[in-house]
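Letter by letter, the chains look like this.
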Amino acid sequence: MNSPELLWETAEAVSEHLKDGIRRRRKVKLPANRLRNLQSLVRPLNVARERSWHGATAQLHRRLMVALTQLRETVHRGSLPPATSRGLTASSQEIYEDLSALIGEFAAVEITPEQYRIAVTTGPVILNQLDLNQLDLGPFEIRLDWGAIGRDRCYRVMAASPHPPASDECVTHPYVRDDLLCAGDAEPSIEMALQQGRLFDFFTLVRQLLVNYVPGRSFVELDEWNWMLCEACGTLVERRQLDGCQRCRQTLCVSCTSRCAACERTCCGSCSRWCAICRHRFCKGCLDRCVRCSAWICADCHWEGLCTSCRQEAVRTSDHDVPQAA
Amino acid sequence: MQIFLIHNEGAGFAGHLEIEAGMSVERLFDTELAGGAFEDYVIRVNRKPANGSHVLAPGDRVSFTPTKIEGAAIVGLRRDPDELT
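If you read the protein sequences in the order shown, they are chains F and V.
Residue numbers are given in numbering that gives the first Met the number 0: position 73 of the first sequence equals residue 72, and the series is strictly consecutive.
Residue numbers are given in numbering that gives the first Met the number 0: position 20 of the second sequence equals residue 19, and the series is strictly consecutive.
Note that these hints are calculated values from the structure, not bench results.
Given the structure is predicted, the values throughout are model-derived calculations rather than measurements.
Ideal Cβ placement from N, Cα and C applies to all residues, glycine included.
Incorrect hints may have been included.
Stated by the list, open to error - Sample of chain F residues at the chain V side, in silico, Cβ under 7 angstroms: (1) A100; (2) C181; (3) D184; (4) M191.
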């Protein structure tokens, strides 16, 4: 329960922390970890491409793009002029009023002073794009570790009921990956609000980002959210362009399926074969092996366990063995 | 009279501002965010939603937040593995 005493205790603690923060300055750091992460993906990607492992290539390429995005974001944040409080750090009274206002503003507010944490829960985040159906991502918790204000990533944005796209299970919102919000244009305002202790502005600003979607600037775009991965080639396809193997139940794009010429079931490449004689595609259930040459043959090209070629050879051999009439 | 203004346009602003007594929220908006469309902003006075006709009082805390803030200013993933940039 968020009693006035709790709010006041937290307000005073946050205010003290911010005053200490003014005396500390964030050190300049190069994004060495981001670079290492990026470098670690290049070699396996090149190996996968050389060996034509299309599914692995597609997945590694996506991971490489995410790592590149994270590196560019870190460089972008480093290029921003350092946000300063400009002597406008919120007083304990102002922070107390912010915390009180949060209680009426959000569905839930949880304050845990021993963890230096303030967390709010939004209502359901429902995103729209033009004529597409709505995407209901459910509520999100915005969790601020106020003891870390002044250091990178003092807050997280966590989906209460994650509904990630098939292409990246770490993405829970077009702007959120690994519970970290990419704030884009709002980054300077969020940074300034945190450094000045304007907690109400911080939480409402983050919520504003979550409930507004602008295409073209996302980890996963809204129109691709419900796309699925082809389990054969790793390509992302729209649901309506998906098919499946009726033998092994893999989810496949139409390019990776074929229809059995006999039973007409759709199959993946592993569950189907070419008939060695007629060169039509069949599922394994409609093929048999020639007992002589082991070739896969369909029913039409099959005669008493032999393919037509072996059958003709067998006939020629038996003709030679037939004794001449007297 | 003095108010505290916060806006989240561009790099953002937060600070005290001297304005004439009796100024309305909409007039303040036109002065400080000239060129912006009033209806494209969430307006709060003292942390509560307010409309343009609200008359400001000394010490009021006013915030203007664009309704359409663009997050994730990084281009999304490309699907062609041959394109790395």
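Hints, verified against the model:
Below 7 angstroms, beta-carbon pairs count as interface contacts, and A100 (chain F) has one with chain V at about 4 angstroms; its hint therefore holds. Hint status for C181 (chain F): holds, given a least beta-carbon distance of 4 angstroms to chain V, under 7 angstroms. Hint on D184 (chain F) holds. Least Cβ distance to chain V is approximately 5 angstroms, under the 7 angstroms limit. For M191 (chain F), the interface hint holds, the least distance from its beta-carbon to any beta-carbon of chain V being 5 angstroms, beneath 7 angstroms.
Figure legend: structure checked against the earlier numbered hints; every hint is met.
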